[in-house]
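S.K.: Keeping their order, the protein sequence lines are chains A and B. Residue 9 in our numbering sits at position 9 of the first sequence, and the numbers go up by one each step. Residue 6 in our numbering sits at position 6 of the second sequence, and the numbers go up by one each step.
Since the hints were made in silico from the structure, they are not lab data. One or more of the hints may lead you astray.
If several chains are the same, the list does not tell them apart, and a pair holds so long as it fits within one copy or across any two.
Below are the DSSO-like pairs computed for lysine-lysine, each with C-alpha atoms no more than 27 Å apart in a straight line [claimed, not checked]:
#, residue 1, residue 2
1, Lys240, Lys34
2, Lys236, Lys217
3, Lys227, Lys217
4, Lys232, Lys146
5, Lys227, Lys55
6, Lys217, Lys237
7, Lys240, Lys141
8, Lys134, Lys112
Treat the numbers as computed from the prediction; the structure is a model and nothing was measured.
There are 2 protein chains.
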Amino acid sequence: MIGSGNLASHLAPALENAGHFVNEVYSRNPNSAKNLCSMLYNAACVSSLNFTQSKSAIFIIAVNDDAIEEVSAQISLPPNGILLHTSGTKSISILSCFEHFGSLYPLQTFTKRKKVSWEEIPILTEGSDEETSKHILALGKSISTKAFQASEEKRKLVHLSAVFSANFANHLLYMAKSMLDENDIDFTILQPLLSETLKKAFEIDPIKAQTGPAVRKDISTIRDHLKILDNKEDFKKIYKDITENIIKVHSQS
Amino acid sequence: MIGSGNLASHLAPALENAGHFVNEVYSRNPNSAKNLCSMLYNAACVSSLNFTQSKSAIFIIAVNDDAIEEVSAQISLPPNGILLHTSGTKSISILSCFEHFGSLYPLQTFTKRKKVSWEEIPILTEGSDEETSKHILALGKSISTKAFQASEEKRKLVHLSAVFSANFANHLLYMAKSMLDENDIDFTILQPLLSETLKKAFEIDPIKAQTGPAVRKDISTIRDHLKILDNKEDFKKIYKDITENIIKVHSQS
């Protein structure tokens with residue numbers, strides 16, 4: 001395991017629960033590596049990326065996307081070793097100076113010390129050759145019932161859709177919270193509405209579940225909202241764009 | 001009960017479960033009124049908005065925001081009758097030709113035949129005078145543990161924050177789904193990520209829970225995403241605006 005951050009600290013124990021052994025943990029942060037090793041059966045904290053003497057078959061890079069190339073340039077593998085990254089957007093070709101390589105991308109957000117149920121997490125796998133692909137898919141399937149092979153193009157699309165639906169929606173929650181905070185209203189007031197909205201989107205389809213002033217083309221409420229946002233240019237811009245797009249999409253359907 | 005749509009069909013039974021009686025149901029759509037009456041103990045479907053002979057104390061307008069003024073203009077109340085609307089954005093002053101009036105705004109999205117737990121639903125109440133305010137708050141508290149008095153200004157703000165967090169986030173889900181659909185990927189792939197994202201936002205605060213390329217200022221991934229969106233100008237615009245705002249907000253903090 002190369003890395004000891006949020007993903008690594010969930011993935012390594014999940015792999016051991018599935019019957020694999022994590023032999024080595026490498027991290028630029030020795031304390032964090034030590035912490036992770038302490039959660040594992042018999043893993044050694046290592047300070048070198050030279051794995052030529054390692055008994056491991058698969059080596060997993062679980063670091064920030066930006067650091068993958070730099071880290072991988074320092075890695076030496078044993079014969080037949082497979083090197084994986086865990087990125088949603090990076091091509092596996094950035095590992096192409098190795099003989100066997102690929103990716104294993106778990107579609108989930110991880111927080112240290114916050115349990116997730118791996119069996120439900122979609123895992124997208126890709127390998128440099130057929131044999132490697134099989135090994136990576138098998139690794140994915142050992143920890144999740146929702147592992148499948150996906151091309152780089154599909155993986156990137158899934159990642160982009162995750163950015164829209166999770167990262168951007170989370171930013172909208174920040175916007176909502178900051179407006180409520182300014183008025184001393186507790187953010188948790190939105191919780192029942194949001195749980196129901198999310199449930200509905202999957203039960204009946206987000207396009208049918210849409211409610212609110214934009215889909216009703218309720219111009220007077222939209223004008224009211226823009227007035228409230230008069231001193232928040234950034235919020236106003238996002239409000240306008242999404243409202244326009246809702247009106248457009250729902251006029252077509 | 002004036003109206004028999006999504007909200008009315010949930011609110012009327014909830015009121016009866018709390019020990020009140022719904023005496024009359026009025027709706028422009030007689031079938032829908034009949035349906036709702038059949039769910040109530042002893043309510044009459046009425047075709048007139050002249051309630052001068054009614055024994056009811058409180059009259060609730062649960063129709064679309066746009067129709068409140070038109071409908072209320074046709075209503076006649078008995079002496080001391082209180083007239084409420086259920087809107088998140090309309091001022092109670094649109095009912096000011098009545099003696100006692102106010103609003104009761106439940107912050108939730110309702111779908112016919114889909115149960116919700118009323119006790120958890122935040123209800124914002126407002127009345128035209130102190131006595132009326134008390135009655136409306138008591139009505140709200142009888143069905144929910146989260147009913148409280150809120151000024152028009154606060155109610156509008158809560159509604160606006162609900163639009164950002166629920167309506168707009170739902171539209172982002174539509175965007176994500178439409179991209180996945182085009183590539184034959186099942187939308188449910190996003191479900192575990194989204195549940196976790198929502199949970200995290202309330203457990204640790206959306207600003208701290210933010211992940212993704214924008215908060216990491218990962219320009220190469222952002223460029224990649226914009227390239228994928230090259231034939232989707234509307235999606236691209238929203239992607240750019242939200243990404244810019246995430247970068248801005250997180251540079252300040």
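S.K.: Hint by hint, note whether the structure agrees.
M.R.: How the hints compare with the structure:
{"no.": "1", "hint": "Lys240 - Lys34", "in the structure": "neither (49 Å within a copy, 40 Å between copies)"}
{"no.": "2", "hint": "Lys236 - Lys217", "in the structure": "both (17 Å within a copy, 23 Å between copies)"}
{"no.": "3", "hint": "Lys227 - Lys217", "in the structure": "within (17 Å within a copy, 31 Å between copies)"}
{"no.": "4", "hint": "Lys232 - Lys146", "in the structure": "neither (42 Å within a copy, 30 Å between copies)"}
{"no.": "5", "hint": "Lys227 - Lys55", "in the structure": "neither (65 Å within a copy, 41 Å between copies)"}
{"no.": "6", "hint": "Lys217 - Lys237", "in the structure": "both (18 Å within a copy, 21 Å between copies)"}
{"no.": "7", "hint": "Lys240 - Lys141", "in the structure": "neither (43 Å within a copy, 36 Å between copies)"}
{"no.": "8", "hint": "Lys134 - Lys112", "in the structure": "neither (30 Å within a copy, 47 Å between copies)"}
Checked against the numbered hints given earlier, this structure breaks hints 1, 4, 5, 7 and 8; the rest are met.
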